[in-house]
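*Asks:* If you want the numbering used here, it's the 1-based position in the sequence shown plus 28.
Don't read these hints as lab results, they were simulated from the structure. One or more of the hints may lead you astray.
[Stated by the list, open to error] FRET-style restraints, in silico, Cβ to Cβ:
1. Val233 / Val173: 36 to 46 Å
2. Asp109 / Ala234: 43 to 53 Å
3. Glu242 / Gly174: 43 to 53 Å
We treat Cβ as the ideally placed atom computed from N, Cα and C, and that holds for glycine.
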Amino acid sequence: WAVEDPALLAQIEAALERLERRLASLLGFEMDGYVLVNLEAFIKIVDTIGGVTFDVPQDMYYNDPSQNLHIDLKAGKQTLDGEKAMELVRFRKGYASQDIQRTKVQQDFLKALAKQCLSIENLSLSVIQEYAKIFDEYVVTDLTVGNMIYYGQQLMKCDFDEMKTYTIEGEGAMINGVSYYPLYATSIVKIVNESFNPYDTDITVANVNVVTPEVARTFQKSAQTQPTEEPEQPDQPQEP
């Protein structure tokens, strides 16, 4: 989508602000801002820079006509265009750990994408103008232009080979027929204090509001066994 309807834009912004508050409650500190990126922007950026070279970790095949999702990738180092890159980051069914492995592949790909976007050959005026056009059409954010310029300048100083990504640990749980991934509060606190805490003192478990595996298990409804009634027997005729 490209959000042109003011009413729809207002709804999206309100939803993002609620998400900001929920993340602040989860992590123990306020967010600096939000950025919502349409998947079409992802495809266009990859195509704008001529594709991204990436080592696909395994053969990937998945076909789901109901959501127009068709994935067919071979393992190995290759240059992915926008559509193939989208197949890579959406694949999950063939991983032993499914969403966990998909998250790692997404993180690795985004690092490769950022590194290539900010390479010298992709910082020409024409490419920067194309970035701006895509951002203006497909991104919703509360960051100011000054914010974005600052973050862009800081990003250009990064050593992408040293960039770290994190995934909060938890465990899978099936609750009332629905799959969840409750998080460990200690894992959140450890990651936040090591790399994200903006305060002078450490955030503790008491500062975060999270559904842990222990709490999640209390949501499981106990099986309700209905008493089995004996079927009524038809009246038997009495013998004379």
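*Asks:* Now tell me, hint by hint, if it's right for this structure.
*Replies:* Status of each hint after checking the structure:
Checking the proposed 36 to 46 Å range against Val233 and Val173 shows it holds: the Cβ atoms sit about 38 Å from each other. Distance hint check for Asp109 and Ala234: the Cβ-Cβ separation is about 48 Å, which falls inside the suggested range of 43 to 53 Å. In this structure, Glu242 and Gly174 meet the distance hint of 43 to 53 Å, their C-beta atoms being roughly 44 Å apart.
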